[in-house]
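Produce the complete structure using the sequences and hints provided.
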Amino acid sequence: MNKLTIFGLAIVGFFVMVAVFAPMIAPYNPGQIDIENILTVPSNSHIFGTDSLGRDLFSRMVYGTRISLLVGFIAVGIATLLGIALGSIAGYYGKWVDTIIMRFIDIMLCFPTFFLILAVIALLEPSIVNIMIIIGATSWMGMARLIRAEILSLKERDFIYAERAIGASDLRIITRHLIPNAMAPVLVSITLGIAGAILVESSLSFLGIGVQPPTPSWGNILSEGKAVMGAGWWMMLFPGLAIFITVLGYNLLGEGIREKILKS
Amino acid sequence: MGKYIFKRIIGLVVLLLGITVITFAVIHIAPGKPTDLEAQFNPKVSMEARERISHLYGLDKPLHIQYIEWLKRFSRFDFGASFMDSRPVMDKIMERIPITITIELISILLILLIGIPIGVSSAVKEGSFYDKGMTIFVFIGFAVPTFWLSLVLMDFIGVRWGALPISGIKSLEFEKFGFFEKIIDISRHLVLPVLVSTFGGLAGISRYMRSNMLHVLKQDYIRTARAKGLNEKQVLYKHALKNALLPVVTILGLSIPGLIGGSVIFESIFSIPGMGRLFYESVMARDYPVIMGVLVIGAILTLLGNLLADVSYAAVDPRIKIE
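Which chain is which? The protein sequence lines are A and U, in order.
3 is the number of the first residue of the first sequence in my numbering; add one for each residue after it.
169 is the number of the first residue of the second sequence in my numbering; add one for each residue after it.
It is possible that part of the hints are untrue.
Claimed, not checked - Calculated pairs, DSS-like style, for lysine-lysine (alpha carbon to alpha carbon, straight line, at most 27 Å):
hint: 1; chain 1: U; residue 1: Lys386; chain 2: U; residue 2: Lys406
hint: 2; chain 1: U; residue 1: Lys171; chain 2: A; residue 2: Lys97
hint: 3; chain 1: U; residue 1: Lys300; chain 2: A; residue 2: Lys265
hint: 4; chain 1: A; residue 1: Lys265; chain 2: U; residue 2: Lys386
hint: 5; chain 1: U; residue 1: Lys338; chain 2: U; residue 2: Lys350
hint: 6; chain 1: U; residue 1: Lys401; chain 2: U; residue 2: Lys293
hint: 7; chain 1: U; residue 1: Lys240; chain 2: U; residue 2: Lys229
hint: 8; chain 1: U; residue 1: Lys293; chain 2: U; residue 2: Lys386
hint: 9; chain 1: U; residue 1: Lys406; chain 2: U; residue 2: Lys396
hint: 10; chain 1: A; residue 1: Lys262; chain 2: U; residue 2: Lys386
hint: 11; chain 1: U; residue 1: Lys410; chain 2: U; residue 2: Lys171
hint: 12; chain 1: A; residue 1: Lys265; chain 2: U; residue 2: Lys293
hint: 13; chain 1: A; residue 1: Lys5; chain 2: A; residue 2: Lys228
hint: 14; chain 1: A; residue 1: Lys228; chain 2: U; residue 2: Lys171
hint: 15; chain 1: U; residue 1: Lys293; chain 2: A; residue 2: Lys262
hint: 16; chain 1: U; residue 1: Lys401; chain 2: U; residue 2: Lys386
hint: 17; chain 1: U; residue 1: Lys293; chain 2: U; residue 2: Lys410
hint: 18; chain 1: A; residue 1: Lys262; chain 2: U; residue 2: Lys406
hint: 19; chain 1: U; residue 1: Lys293; chain 2: U; residue 2: Lys396
hint: 20; chain 1: U; residue 1: Lys300; chain 2: A; residue 2: Lys5
hint: 21; chain 1: A; residue 1: Lys5; chain 2: A; residue 2: Lys265
hint: 22; chain 1: U; residue 1: Lys293; chain 2: U; residue 2: Lys406
hint: 23; chain 1: A; residue 1: Lys157; chain 2: A; residue 2: Lys5
hint: 24; chain 1: U; residue 1: Lys240; chain 2: U; residue 2: Lys175
hint: 25; chain 1: U; residue 1: Lys401; chain 2: A; residue 2: Lys97
hint: 26; chain 1: U; residue 1: Lys293; chain 2: A; residue 2: Lys5
hint: 27; chain 1: A; residue 1: Lys157; chain 2: A; residue 2: Lys262
hint: 28; chain 1: U; residue 1: Lys410; chain 2: U; residue 2: Lys396
As the list claims (entries may be wrong) - To be clear about the criterion: a stretch of chain U counts as covered by chain A if any three or more of its residues have a C-beta under 8 Å from a C-beta of chain A, and this derived list gives those stretches:
hint: 29; region: 186–194
hint: 30; region: 282–289
hint: 31; region: 322–335
hint: 32; region: 365–374
hint: 33; region: 453–460
To be verified - According to the in silico footprint, chain U covers these stretches of chain A (three or more CB under 8 Å from chain U):
hint: 34; region: 105–111
hint: 35; region: 197–205
hint: 36; region: 223–231
hint: 37; region: 242–254
Just so you know, these hints were derived from the structure itself, not from any lab.
Don't be surprised by glycine CBs; every beta carbon is placed ideally from N, CA and C.
What follows is the structure, encoded as structure tokens:
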């Protein structure tokens, strides 16, 4: 592994730790309103300062890490399951099944993803669960294409013919032999996908149609930062940096894995 | 070439039908009827308006008939009237589109003008200090959220420094300006949005250009060019660059949905009256007919962009026609 990959892994590990141990790390209750300390500059008692309701920004950022990572992981989990299922069915069965699934993917790719997400959110309520599902349901197409391409080349190999000769069912061949062998490029796609999902979630929350206050997320803290622009630089600096560093970490890790796979 | 274009147009019709099916499905995704939803979120909607939308979507009829009727209206670009001001949805979209497309086109031009030289020079100097610096720049470019970049630019350049306007595309006293002053005024308003939009696409194109160029430089014809004694400049810019540039056309086509989707973010931050902001406002107000109209038009724009990219690729690369 090169230095950049290790750096990426360190970032990813750091934020996962922050999310897991949030209650131990956060010095204050993230929802604790303190009207005597509104928008105070970072100091020893509030290291990231306080927001426009006097809540401790550091504690809100720590709990926001939980939300942002959770949305990222689950959304990508949904996308991965959908992508693997549809991609392997298309690749394995071929013919008209393949044609239909691939056409469907082409059609989905015509929509500007962000438009599609916003349109669906306008219909459903912007709850955390809905956001995970919507991001997942609009980002599986690349994954499906990857899996399909892998399976197309794998299914003509001798070990698959051998499996079929001993009477293994389609389901067994797909789930036990084809998918495990096609996982390497998917791993890269998952890592980069988490970065993408975190960006989408924070954009949505920033626009006010994602995670709803008072639940803290990096995006909606930044949105509060916009409202106090010029009066509280820390409200804009810290959440922005957190998103930037996290996304950078996943991208570096993903690129590192890609290079490793290409070499082997 | 004619046959290729014909094949593409048939494919286009299939995709277009698919777009209408998905949009139609999105309409019906909401629990209950769209009319209930509308009333629930927007108390201003009168009974009369509810009946109008119920009629517009033919909600009292079976699903397949609803779809066919919707398709008929769609073929006339009739998306009904906006809930907010009762104007036809298509009029509202058409007056917003030129602004969004202008910003996107300027950004695409800048992305190409900056991204291609960055990618090519990194590939030529592969492994150098410059190449490593550019790689870091590309990773930073991929990770910076555009909405954060917009805010930071707004705060520093607009609010603190006061060098550029931060909202809208015209000053208040715009009507009193002369012709050149008007152009300067609009340009000044567009600097920050264009900057943000350009930055968003720059990393992708320069990275792509770099790997293209690296790939081309390893080809046999480059070795041949060197072997017959051409100087390095001719090899790089006459033989390698031309071939490395071809696939960029396709990538541009693929990046259109991202650019259009991104317009929601910077247009709403900088209050640019384009399609992205119209969409955002409609989502916030649950202005249902407008949401559907913009969704379909956004997909059609993407479709046309992709078609244009593919056809121009086929036009410049003779290898495509054989297939």
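| Which numbered hints turn out to be false for this structure? | 13, 14, 18, 23, 25, 30, 32
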